[in-house]
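For reference, the chains in residue letters:
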Amino acid sequence: MSTVQDTATATTAPPGLAERLGMTGGAAALRLRFVGVVVFQLLLVVVFTAVAPRFLTWDNAQSILFTAAILAIAAAGQTLVVLTGNLDLSVGSIMGLSAYVVFDVASGAPVLQPWVVLLALLVGVVLGAFNGFLVAVVQIPSIVATLGTLSIYRGFVSFYADATEVTSGELPRWIRTLATESWFGLSSYVWLALGIVLVVGFALRSLPWGRQIYAYGSNPRAAYFYGLGSRRIVIGAYVGAGAIAAVVGLLLGAQVGNINSLLASGIELQVLAAVVIGGVSIWGGSGSVYGAAFGAVVLATINNGLVLLGVQEFYRLLFQGAAIVLAVAVDAMVQRRVQSAGNRRRTLGVTA
Amino acid sequence: MNGHLRRRRRAVVTVVAAAAGLLLAACSTEAPTAPAAGGGGETQGEDASGDEDMKIFMAPKFTGLAYFEVAREGGERAGEELGIEFEYIGSDKAEATEQIATLTNAIPQAPDALVVSAIDGDAVAPALKQARDAGIKVVTYDADAAVDARDLFVNQLSYELAASTMLDAALLNSPEGGLVAFISASPTAPNHTAHVRIMKELIDTDPKYSSLSYVDTVQFAGDDATKSQELALNLIQANPDLKVIISSSAVSAPAAQQAIINAGKSGEVFATGVALPSSVRDFIKDGHSTAFMMWDPAELGYIATVAAHQLVTGEITAEEGQMIDAGEAGTYEVLADGEVQYNKPLMFTADNIDDFDF
Amino acid sequence: MTLVRRYSSELLLVVLIVLAALWSSTLSPYFLNAVNLLSSAQFFVIFALMAFGLFPIVVQGEIDISLASTLAVGSVLFATLSVEGVPLAAALPVVLAVTAALGAVNGLLVAYAGLPSLAVTLGTLGAYRGLAYLLAGDAGVTGITPEYLLLGSSWIGIVPSSVVLALVVAALFAVLMGTTSFGRYSYAIGSSPGASRMAAVPVRRTRVIAYALAGAMAGLAGLVWVSQYQSARGDNADGSILFVLTAVVLGGVSIKGGSGRALGVLLATVLLGTIQTGMKLANVPGTSQTLVIGALLILAIGLPQAVHLVRRRFPTALPRRAVTSGNA
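Chains as they are written, first to last, in this note's numbering: chain X, 1 to 352; chain C, 1 to 358; chain F, 1 to 328.
One chain only, chain X, in its complex shape (with noise of 0.2 Å):
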């Protein structure tokens, strides 16, 4: 994954490291932020290496970028709400009822199976739209218009569920056997995971939808002044955001086999950590969908590592809670740097 940024900051900007960081502190520091994750992980690579034989191993790290797919795609819808300075954290209860609902509806009426991917992508842009509605238009802070739904969508879904279960029998052949399937040695799930995470990335960098996105997150003023239409912008985030989790919620339920009505509910602090963990700035403007998938794959690379080494549920805890801290203070540390030392070559820029 890291190779394919190298190559995309190769393209957009051409010239050597130096002049990057003077030119833009943002950007650069957006980058540097993506490498603090990377260098994040690798230490606990390292760490875990050299505690736990059976770590460094092919088919545990198959194992590890499985359990990190669904999060690093849920990951990547979340940031685009993210960058916008908002928060969405209805996403687990979204991903609920679109993996419930839409596998019900299909295994009632067996000529919808080939596009159930279809009706959870028009369930998650309805539901996104009816958050990016009530932060856009009608204003409400999006943590609390989105922990309104959380519980409305919840609500729904087991409502509609009445205590049954949509069996594994019971979902389309087609994408049950896509859980199983493996494509050049690694799971298909991982494979759709990159593809999801990087047409994301590839839409944020280079269509105007994911650019005033930036734009908006980074000064929503400055957005609203320079003409850019602010409600349009945070509900395309918001339906973004919903079409993706009600994606990944097929993808989760087909994984686990049999849906209940609380499939994925609580699943929305684990995203929020892993898009923290990502350098995704909680303020909105900066960071990036890699960063959010790779902020899954540390999530999932410690829950491995621990698990290898025998460690109890209770460390557990401890562990991930300091990692998101940790995670934050060497972003922030980072991005200071980076901040006085754009600074300071502007300033030299300029006496020169």
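Quick caveat, the hints were computed from the structure, so don't treat them as lab data.
Please note: incorrect hints may appear among the correct ones.
What the hints assert, rightly or not - Pairs of lysine to aspartate or glutamate, DMTMM-like flavour, derived with a Cα cap of 20 Å:
| # | chain 1 | residue 1 | chain 2 | residue 2 |
| --- | --- | --- | --- | --- |
| 1 | C | K200 | F | D138 |
| 2 | C | K129 | F | E147 |
| 3 | C | K344 | C | D325 |
To be verified - Computed footprint of chain C on chain X; a stretch qualifies when at least three of its residues, placed anywhere within it, have a C-beta under 8 Å from a C-beta of chain C:
| # | stretch |
| --- | --- |
| 4 | 62 to 74 |
| 5 | 78 to 89 |
| 6 | 156 to 166 |
| 7 | 172 to 183 |
| 8 | 310 to 324 |
Ideal placement from N, C-alpha and C gives every residue a C-beta, glycine not left out.
With chain X fixed as given, assemble chains C and F onto it according to the hints.
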């Protein structure tokens, strides 16, 4: 502006403080006058004949889980047969505070009995004691509360029988034995903790299970399917010679089996333990797994409700040695500490999985 | 008139409480019973204490989602000390100091290291929960001595002592935020941290104090937990932070900081309590309870917001337009 504001706040503060002060001054004798529930249970004097106005509430750990729903059906059936009012109450959040609120608010409605699966057996105890003080009979099923907080505990399986049946299921999957790992629900669920402890003891001491060995650290998935899958995968990585993952959580066991299939390890590693037949039917039919176990939750709910009814009518008083006649569901003896053991484990295999419709 | 305007959000809550009470009494004949109502109120004391702790933090424009985990550390510590035979008078300061220290760690990370509070407390949410499990061990702690249970098992007249405690705490927070320099600083920081710093407001210190105070309040809630439920486990109050946050926000405390009053938080807790009690007494299924709380949150925050927006957009439609754009 600021002073104006402050004056207003001061006014509010004075009012609130005065109110609190008044309360304190008015009656500061702290006499624990236990809040008496509206009516309390119907008197025990009446006999089985006139039960039309008898009311029994069933409170699962939380609503929305298929397992509890099946138990509810059993309770409802008992309610119909006995001609009593049966109500299913609870929150869809798996939190102790929610269950306590549910139970506390059940008391003023004066049901004659509560049938409860305790999410935190100690924390709900005061609420249950309060119910008993108000004359309400309390029967726990599935997960017990503190002994002095309930009249009876209808245990689906004695912890020993549950443990040995799960190990039997493990041996059905992996006849030559091998390494076993445990995924439990939460470190604070006494039944899950007991299951694991006894399974470890049996592997250590019972020659029948001597071909098995176990990973000492127990992992916890909190009845969460996603978490169970991640743990299953990581356990497989941590222990290359792992043969069986056992979980007494009806969510974790099927989820772990699905994770094994997803990872392409089907046939090499098996998950087993407690599971609803509907959630493992496909695994067993497709040959991914040979055996899962459970009991009939509907019958468990039925027996618990019948026992509650008999407590209310006075047919039994929860004394050791008394018999509970649950008709077709069988007759059960009250053991020490008011425990009733249902003890009918079901082993689901390819031969019988189609016989079960829950 | 200005009084009505200033307390409009509190008035709305009062109206909603009355409506909720009316609705509840039609739902269930058991609702209108003073003794039952008061004993139900006891149940919400734990959330109310955490909500009051969270209140100044939110006023300062920050957040703390680790409070429920801090509560668990507090409850487990109290229970352990009780079992060890430590008198309550000695245990209380110890536990409050420990939980205040846990809160202060959050505060230091936010105020001095400059880290985003949501991220920091997301981390400590897990870490403190792990700590509580470590302290409690597998089985949890039971066999609490009567002295520790007094708060949860005594009544002043017909009012449970813990409810009185919550009211006293409410009054204290009203005084704290309404009359002290800490309160003034908090509103200033919430409105504009930059300007506050320039105006020589001790921004960092005020933040740390708020977090430490919140930690102590969670510790106090831990004591109430132990006294009411006569036990403690590592998973105590897990998941309740969403309810607490709902209470604070519903109470008219702007999540963006700079506004909100203790009275509002109290009223919001009462409102949520009324609705929950009513629905539970009427045995409304759990799913509908979740739906109602979610919808209530959005309506209670969204409706005034929508009215405000409509007023701004069509100033001529309504004569009075003197709505200042700032928060209080």
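Hints, one by one, checked against the model:
For the hint pairing K200(C) with D138(F), the CA-to-CA distance comes to about 16 Å; that is within 20 Å, so the pair holds. At roughly 19 Å between alpha-carbon atoms, K129(C) and E147(F) fall within 20 Å of each other, so this suggested pair holds. In summary, the hint linking K344(C) to D325(C) is supported, as the alpha carbons are separated by about 16 Å, within the 20 Å threshold. For a cut-off of 8 Å, the count of residues in the stretch 62 to 74 of chain X with a CB near a CB of chain C stands at 4, and the three-residue condition holds.
With 0 residues having a beta carbon nearer than 8 Å to a beta carbon of chain C, the stretch 78 to 89 of chain X misses the requirement of three or more and the stated coverage is violated. Only residues whose C-beta sits within less than 8 Å of a C-beta in chain C count toward coverage, and the stretch 156 to 166 of chain X has 5 of them, enough to reach three; the restraint holds. Residue count for the stretch 172 to 183 of chain X with a Cβ under 8 Å from a Cβ of chain C: 3. That meets the three needed, and the coverage hint holds. Judged by the Cβ-Cβ criterion of 8 Å, the stretch 310 to 324 of chain X is covered by chain C as claimed, because 5 of its residues qualify and three suffice.
When each numbered hint is compared with the structure, a violation occurs for hint 5 only.
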